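Engineer: Throw the hints in and build the complete structure from the sequences for me.
Chains as they are written, first to last, in the working numbering: chain A, 1 to 389; chain B, 1 to 389; chain C, 1 to 362; chain D, 1 to 362.
I should point out that these hints are in silico values taken from the structure, not numbers from a laboratory. Predicted, not measured: the structure shown is a model, and the values here were computed from it. Note that beta-carbon positions come from the ideal geometry of N, C-alpha and C, so glycine has one too.
Capping the alpha-carbon separation at 30 Å, the derived lysine-lysine pairs in DSSO-like fashion look like this:
#1 B:Lys238 <-> B:Lys386
#2 B:Lys180 <-> D:Lys244
#3 A:Lys386 <-> B:Lys388
#4 B:Lys181 <-> B:Lys232
#5 D:Lys300 <-> A:Lys386
#6 B:Lys238 <-> B:Lys180
#7 D:Lys244 <-> B:Lys232
#8 C:Lys244 <-> A:Lys232
#9 A:Lys388 <-> B:Lys386
#10 C:Lys244 <-> A:Lys181
#11 B:Lys74 <-> B:Lys238
#12 C:Lys244 <-> D:Lys244
#13 A:Lys74 <-> A:Lys116
#14 D:Lys300 <-> C:Lys300
#15 A:Lys388 <-> D:Lys300
#16 C:Lys300 <-> B:Lys388
#17 B:Lys386 <-> D:Lys244
#18 C:Lys244 <-> A:Lys388
#19 A:Lys181 <-> B:Lys388
#20 B:Lys74 <-> B:Lys116
#21 A:Lys181 <-> A:Lys232
#22 A:Lys110 <-> A:Lys74
Here are some, though not all, of the chain C residues that point toward chain B, as calculated from beta-carbon distances under 10 Å:
#23 Gln9
#24 Pro249
#25 Ala251
#26 Leu269
#27 Ala294
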Amino acid sequence: MHRRLSPEDAAHQQRMREYFTTEFPQELRGLLARSDDFDPADLRRSQAALADAGLAAPGWPSEWGGQDWTSLQKFIWDSELQRASVAPPLAFNTSMVGPVIATFGSQEQKERFLPKTASCEIWWCQGFSEPDAGSDLASLRTTAAREGDEYVVNGQKIWTTLGQHADWIFALVRTDPTAKKQQGISFLLIDMQTPGITVRPIRLLDGGVEVNEVFFEDVRVPADQLVGEENKGWDYAKFLLGNERVGVANVGLIKRWLSEVKEHAAQVREGEGSLLDDPAIAARFAELEAELMALELTVVRVSGGSKDGRPDPASSILKLRGSELQQEVLELAIDVAGPMAHVWDDDELPDWATGSVPEYLNFRKATIYGGSSEVQRGIIAATILKLKG
Amino acid sequence: MHRRLSPEDAAHQQRMREYFTTEFPQELRGLLARSDDFDPADLRRSQAALADAGLAAPGWPSEWGGQDWTSLQKFIWDSELQRASVAPPLAFNTSMVGPVIATFGSQEQKERFLPKTASCEIWWCQGFSEPDAGSDLASLRTTAAREGDEYVVNGQKIWTTLGQHADWIFALVRTDPTAKKQQGISFLLIDMQTPGITVRPIRLLDGGVEVNEVFFEDVRVPADQLVGEENKGWDYAKFLLGNERVGVANVGLIKRWLSEVKEHAAQVREGEGSLLDDPAIAARFAELEAELMALELTVVRVSGGSKDGRPDPASSILKLRGSELQQEVLELAIDVAGPMAHVWDDDELPDWATGSVPEYLNFRKATIYGGSSEVQRGIIAATILKLKG
Amino acid sequence: MDFTTTDEQRALADATRGVLSRHGSPAAESGSSAQPPAHDTALWQALVELGIPAMPWSEEDGGVGAGITDLAAAATELGRGRIQAPLAETVLAGTLVARLAPAELRQQVLGAVSEGEALLVPALDEPMRTFDPTPHDVRAEEGADGWQVTGVKAPVRYAPAATHVVLTARTASGTGVFLLTDPGATAERLDLDGASVTLLAEGEAAEEALRDALAVAGALLCAEALGAMEEALRMTTDYLRTRKQFGVPLAAFQALTHRAADMYAQLELARSATLFAAMSAEESPVDVDAVLRARVVVDKAARLIGQEAIQLHGGIGVTAEYPVGHLSARLTMISRTWGSTRSHLATLGSRVAEHRSVDVLG
Amino acid sequence: MDFTTTDEQRALADATRGVLSRHGSPAAESGSSAQPPAHDTALWQALVELGIPAMPWSEEDGGVGAGITDLAAAATELGRGRIQAPLAETVLAGTLVARLAPAELRQQVLGAVSEGEALLVPALDEPMRTFDPTPHDVRAEEGADGWQVTGVKAPVRYAPAATHVVLTARTASGTGVFLLTDPGATAERLDLDGASVTLLAEGEAAEEALRDALAVAGALLCAEALGAMEEALRMTTDYLRTRKQFGVPLAAFQALTHRAADMYAQLELARSATLFAAMSAEESPVDVDAVLRARVVVDKAARLIGQEAIQLHGGIGVTAEYPVGHLSARLTMISRTWGSTRSHLATLGSRVAEHRSVDVLG
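Structural biologist: Take a look at the structure:
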């Protein structure tokens, strides 16, 4: 048990910090992660630069551009990336479909998809949720009927994040309609340009579009775009959902946000001093910093703690608590903006202030998507605490 | 809609205030409601004095000593009583068994029991809960077998509050062992001196005894001590539990506690000032006062608002929120006691400080007994919000 | 003490609901964002026809002479209907005019407000500052041609539509309250550079009038929040009853229904506090602390109900196409209008040593 | 950075658990109240035999020279076992002696503490005062015969058993830290009327030493709380699995199991913070703020877990005969020992503007 980074890890931290703050294309730092308020071409350029440096997908097998890093080293990579305001690689690419293809895909699929997935030459979106299968994925109804060496896909997906920019979608489809629930589901890779696909954007409370409905009408998908075995898609989905659980705490992002909100509080005036001089506000910052510290330490502990490769069961709390903390920081941001939060656009008030409410409203999603807080509590109760009725 | 008391209600308030602060035996004011830390004889004397003045059971029918008051007037009576630190009449007598006897009892039972119940010449305790039937009363297993003009009672009750002082117990017993659940239960009045009854005190965390186990072994109870009809006890119990729901918010008591804690905070020194000068503490008092105000207003609104005699559905939140607020005040009391809370007895430190932790621990019961918070939420969800699976 | 709704209040609520349902809720219906809308003249005119902006002023001033409890009944319907209109703004600014302006000016302004000819809003906030009834960076000076004011007031909700603005500015004797006519704003801000204004009050008189007017307007904000919370809970329980997951309605999940029960408890406490705040705003002098306490209670309820309504809906709750998130958005802002929970508690906390307990019966 | 428990720590935890299980937990087993117990000499002797009170001191001073992370492993077992012993007290007072006393005195006192011959506790609190490392009403003066101290220190936990007390008293230069031998207390208080004491430090040196010693002891309090929280959650989940109501185990009620999940989340965050606090207490200089942050996190977890453990048990949770309430009682006190969440946040808040963010990797 020791507090300091080992010399190797400290050197790694230094290397990452140097890369992100000097070698990485500096004009691409500061891309907003928020809503649809960024240029997708910039995001592609940013990820391509990371891929060039071998830093887009460190968790992948090294033959596909991954790094043979410890969990702690991966966490340091993510921390330094966030600290330098570099946009993280698209999670759909590097944390989701990439590892699935690398683990269950054919050699041909690996060669065809992995390099372009790492560099974001292919932008992936996820086709899991359906109108009547949100948290209850096993109820999904989109079908894929085998016809010769093609699947014919019909149905509808919803909550497809950034689907409007995506080149490809990885989708769960029902290939055996007679099988029950989890059985009979397959994992299919589909080019978004395939005829029969329609994307309908869904506007969110903040006015932006980042989720979509995707409709499939007799969409013909070559059978070699099936990953792994037919009707085994549920296993791959579980692998995907359990994979990189550690990343979901979003510690680096929350930390950057919190420090920005604090900086703004020091700029806002209250009476003769600044808002940050108000003991109640200062105490609130101190409290959030303490909780974020505990979350960050937990990420390090549960990712680095077990040497046997199995994720520490405690990792299931990272999404739960990370999303809550993210929302608490954004709520404090509204309070710091004060009266300025009442307008959403004003040429002369700072963007951070007029953007605080839409940002807060948008991120109510954090406890809903990617496995809602209720789903996380259910997992903890059932699998860790063994509480079953 | 008007804020002030009507002239009649204001006069009533004045009358009550005068009675409690001048006519009521002043040496009996200040009896502690807490734990077993009072002389039961004092409590009897206190209630006898109230009964003499016709103020022990204002909610009863007037022929048995009740007052023909509006709900608001009853609430004013309770507020003034609490404000004067007069011990409220024993709830088991005046809010529980009394109304049941007055409503469902025979004329002979009314004459035999009601006067002594009002004056506390009979001290009642409640025999509802059993070791395997806490919130789930319908599962109770204590039996009463009819033999001639007696019932023979066998079984065990638990959580019998102040049973160690009680003269009589009103108990739910199973008279038809073949009937299911709610059916086959009867409501029986039993003299605690009857042979075969054993009382085992249960010590609580604060060291006091206020609940007990009561064991019945072939206890012979005259059949004329059955209230109402055999096997209809569940109806009487529901009547009892729904009765006087308004009183359970304990507003008067919480208000007195909160003002005492505030007074103590003004006495405790922090730096060069008092603890009450600390803005964080002052804000906490302000917050609790605001919430207590809302609770008090809700009591007045839901008790006085409906003219058709049915309790406002909102009354089910009074127990839920009242018990939580009670606990929050006691938690603040520990914080006000500060380091002094670390010892439970010290001749020279004030009792309010050394008693703060035992009091807090004791009142964790508030959200458990009398229908736990979970039971209250279930009632609200099912009966008010109509949420059924 | 009596919480019973009067027949007049019920009738007013019904009439307001009628207007709003004919008018509709543009944002949610068109799937627009939850951005606070600009002034909607047609809607406001409909409210004028109901006599709503005339209610709080005396008949002498061209008003109806109704009480805040009546107006609150209308505000609750605005909240329920997801309609934002400058009602609390009009009342705040108008209360200052009614109290501080000389008879002729008062009658002229409030008469025009009542008729819908004038739109009167307050301008209290200054950029990069927390809410403060005391002005800091905007200053007023008296010259040969009367009072002139310089500095930036922002944000000023509904400024582009406003014909009259009541604003605060720092004077030699501290806080000054002024009336500005024809602000000619093109955005929700006032850039003032020696603009001519009419002094309504200075110093302690100005501060007291502001405190009371903020309390009256605060009571209306509570009432609006009450309607929004009721509607949010209603939509949430409807959703729980009808939406199925894992083959059963969401109402089968106890973890969700118990949270709905907590929302209900907060709603009912907030209802009591809100009705009491309206009654307290009718007292003379206004019971400012009672309103502040109500605002604290309502803020807390608004936060819980606003957040849980979205959470219990899941993904659809954050979409612009579905109404529940719009209610949450408005609740988020109501609890941050003219102060915050923090500022209300700081104010109440500074006076907490002055009383033994809060007594509502008297 | 490495959170892995060492073999030595595991062995120490096992040994401590062994001692405690032989010793038993008098309160819960006999159904006594949750009152903080007096010093238990036999128990303390058993801990001395394990070498626990010797651990933090250098070998030169008669100690073992182990780290706070090791001692924390033992403290966690005390917490789990519902055993209260003056471990954090000894460490707080001993850390001051180790840092401030001249070599001979240091070796004498810490040697005796390590051997179990002396019991050394701190006396910081003064009656009717909030916790404050700065003394107020107890004063020390230097006379011809050395330093003498006058005033009341109370409460002083374990005072009747103490052979040595480290106390704070006000001197001309502010805060003074003193050693009092043979206090001869009959209650948990010190009534001092010119008692002769040995000066350990004054002014800034005293304040810094106090701050560090409080952080070291605070890390141990976190560790004790961790054990108590683990045990409270374990008992609660066992109870939910086995106790039946309405014909099914309580674990069938989702409203309860989701709350248990939140308890677990808080526990794991508190675990990380606690281990980090122990490591931070080993740094030189001690990372005081890291410990304060851990205390805030642990306080919050202790409150939730302590309260929910009782609530989810129902009536049995408040009885003295059942252990879970004793764990809650201790958790209630740990979060109020040598400061409170409020005071920790006030301290951290006063320094929040000095850094951009809290970085733990370095």
